[in-house]
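Those protein sequence lines, which keep their order, are chains A and B.
Just so you know, the first sequence maps onto residues 1 to 264 in the working numbering.
Just so you know, the second sequence maps onto residues 1 to 229 in the working numbering.
In case anyone wonders, no lab produced these hints; they're calculated from the structure.
Possibly wrong hints are sitting among the right ones.
Listed next, with one range per pair, are the computed distances between beta-carbon atoms [what the hints assert, rightly or not]: (1) B:Lys83 x A:Lys108: 28 to 36 Å; (2) A:Thr61 x B:Asn94: 22 to 30 Å; (3) A:Glu66 x B:Ile61: 33 to 41 Å.
For clarity, every value in this text was computed on a predicted model and none was experimentally measured.
For every residue, glycine included, the Cβ atom is placed at its ideal position computed from N, Cα and C.
Spelled out from the first residue to the last, the chains are:
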Amino acid sequence: MKKWFSVVCMLVAALIVGHAIAKDWKIIRIGTEGAYPPFSFIDKAGQLQGFDIEIAKALCTTMGTECTYAVQDWDGLIPGLLAKKYDCIIASMSITEERKKKVNFTDKYYMTPAKFVAKKGAGIKISKEGLKGKIVGVQRATVAEYFLRDNFGDTVKIKSYATQDEANMDLTSGRIDLVIADSVALIGGLIETEAGKDFEFVGPDFDDKKWFGDGIGIAVRKADSDLRDRFNKAIKKIRTNGTYKKINSKYFDFDVYGDSSPTK
Amino acid sequence: MLNLNGYSWLLWQGTQLTILVGLFSMVIAIVLGLIGAWGKLVKAKIPRAAADSYTTVFRGIPELVLILLVYYGVPTVIQDLAKAVGREIIIDVNPFVAGVITIGFIYGAFSTEVFRGAYLAVPNGQIEAARSVGMSPARAFRRVILPQMWRYALPGLGNVWMVLIKATALISVIQLPELMRNADIAARATHLPFTWYFTASLIYLGITIASMLIQQRAEAWAAKGVRRS
Numbered sequence: 001m002k003k004w005f006s007v008v009c010m011l012v013a014a015l016i017v018g019h020a021i022a023k024d025w026k027i028i029r030i031g032t033e034g035a036y037p038p039f040s041f042i043d044k045a046g047q048l049q050g051f052d053i054e055i056a057k058a059l060c061t062t063m064g065t066e067c068t069y070a071v072q073d074w075d076g077l078i079p080g081l082l083a084k085k086y087d088c089i090i091a092s093m094s095i096t097e098e099r100k101k102k103v104n105f106t107d108k109y110y111m112t113p114a115k116f117v118a119k120k121g122a123g124i125k126i127s128k129e130g131l132k133g134k135i136v137g138v139q140r141a142t143v144a145e146y147f148l149r150d151n152f153g154d155t156v157k158i159k160s161y162a163t164q165d166e167a168n169m170d171l172t173s174g175r176i177d178l179v180i181a182d183s184v185a186l187i188g189g190l191i192e193t194e195a196g197k198d199f200e201f202v203g204p205d206f207d208d209k210k211w212f213g214d215g216i217g218i219a220v221r222k223a224d225s226d227l228r229d230r231f232n233k234a235i236k237k238i239r240t241n242g243t244y245k246k247i248n249s250k251y252f253d254f255d256v257y258g259d260s261s262p263t264k
Numbered sequence: 001m002l003n004l005n006g007y008s009w010l011l012w013q014g015t016q017l018t019i020l021v022g023l024f025s026m027v028i029a030i031v032l033g034l035i036g037a038w039g040k041l042v043k044a045k046i047p048r049a050a051a052d053s054y055t056t057v058f059r060g061i062p063e064l065v066l067i068l069l070v071y072y073g074v075p076t077v078i079q080d081l082a083k084a085v086g087r088e089i090i091i092d093v094n095p096f097v098a099g100v101i102t103i104g105f106i107y108g109a110f111s112t113e114v115f116r117g118a119y120l121a122v123p124n125g126q127i128e129a130a131r132s133v134g135m136s137p138a139r140a141f142r143r144v145i146l147p148q149m150w151r152y153a154l155p156g157l158g159n160v161w162m163v164l165i166k167a168t169a170l171i172s173v174i175q176l177p178e179l180m181r182n183a184d185i186a187a188r189a190t191h192l193p194f195t196w197y198f199t200a201s202l203i204y205l206g207i208t209i210a211s212m213l214i215q216q217r218a219e220a221w222a223a224k225g226v227r228r229s
């Protein structure tokens with residue numbers, strides 16, 4: 001009985017590891033969402049895939065570090081980083097003033113505008129008046145949500161979702177009239193899918209700095225400025241040595257790094 | 001109707017993990033249930049108070065709250081405490097361990113009541129007879145009471161298991177890729193919510209039906225000493 005008990009104790013101890021933080025960054029633990037195609041998603045074999053993941057892998061190779069990946073729901077990503085469940089967030093997170101109060105960001109690794117999507121031929125005009133009474137879906141705690149609340153909050157009904165996919169599903173099933181999100185995520189996650197073939201972009205690109213910040217960056221804890229500097233160096237390197245371009249063209253037929261908007 | 005788009009393997013993986021989580025949690029629940037029932041039945045005050053507060057707390061808090069508390073809350077508190085005394089540590093609780101422990105503790109509280117009821121159902125004369133032939137309390141429990149307790153406990157334990165296996169779906173919130181989480185991933189990736197949640201519900205139903213059949217056998221085994229009238 002005693003022997004059995006000690007075996008169980010050892011097993012539990014082995015699984016719950018409390019260890020000191022190694023500051024040499026030989027292993028970097030990356031937190032990501034895994035529910036934001038084509039940037040990060042889980043494939044049929046249960047593996048993480050997507051633009052974010054490949055950028056992360058390229059950065060790790062450049063820095064010569066080993067990387068592990070943790071999947072975390074979107075609204076728990078920053079709390080998880082602060083709780084030290086991982087060391088950085090590579091999950092298409094916009095660099096905003098609000099988030100900078102809690103975490104530090106690297107330089108951007110891509111930047112694309114946000115857009116509305118509605119059913120083809122719905123004839124919705126994107127203005128305070130045109131959106132009056134419409135139900136708009138957004139992902140909770142995203143820049144799109146803050147933008148929508150501040151600019152159209154008094155006329156539209158906002159429905160917040162835990163993932164963008166859920167908002168998209170409710171749009172295609174007719175529960176909501178529009179969604180607003182990053183245009184590239186909407187192309188890969190909605191418009192180009194079978195379920196989204198009757199839906200289209202409406203209205204202009206939105207990329208106002210006040211809400212959408214300085215593009216998409218990697219978040220690290222405030223104390224880890226050395227890690228941020230290493231990431232910045234690595235981002236510059238993959239930008240110049242062609243690695244970034246290779247990943248970019250694998251996923252998109254336009255440049256996601258710059259300010260140019262997608263062609264579709 | 002059911003076009004699984006190649007995600008069936010992911011669902012199969014999830015099913016295995018769900019069963020594994022269920023079995024591990026059930027073992028913890030049974031062990032804690034026996035200890036808890038002992039605590040409630042002895043005359044000593046301290047075990048009694050401990051068992052009473054255990055069942056009150058764990059039956060009184062929703063599973064979801066406890067799972068989030070164990071997985072997110074506790075490690076953060078320990079880290080902050082360690083930092084306050086000047087030590088930087090990372091508590092890395094794996095979602096499997098956090099889930100199994102939480103579910104095990106909650107359903108241990110329910111099993112406590114099942115075992116307590118089963119113990120009380122064994123006629124007192126049996127215990128007295130066992131003690132009078134010189135068995136120690138522990139031996140009397142193991143040889144005489146426990147075999148008879150199973151007959152009374154199994155229907156209740158089967159019920160606990162049924163609720164437990166469904167409660168494992170809650171662990172999906174801490175990103176453990178069990179059946180519910182993987183069904184969710186597949187539903188979002190394929191945009192076919194009906195297909196995937198329906199398939200997942202059939203699998204859960206399959207698990208519970210199989211459990212019922214096993215339970216019938218187990219009950220027959222436990223009742224082998226009792227003649228049917």
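We went through each hint and held it up to the structure:
1. The beta-carbon spacing between Lys83 of chain B and Lys108 of chain A, approximately 31 Å, falls within the hinted interval of 28 to 36 Å.
2. For Thr61 of chain A and Asn94 of chain B, the Cβ-Cβ distance of about 27 Å falls inside the hinted range of 22 to 30 Å, so the restraint holds.
3. With their beta carbons about 39 Å apart, Glu66 of chain A and Ile61 of chain B fall inside the hinted range of 33 to 41 Å.
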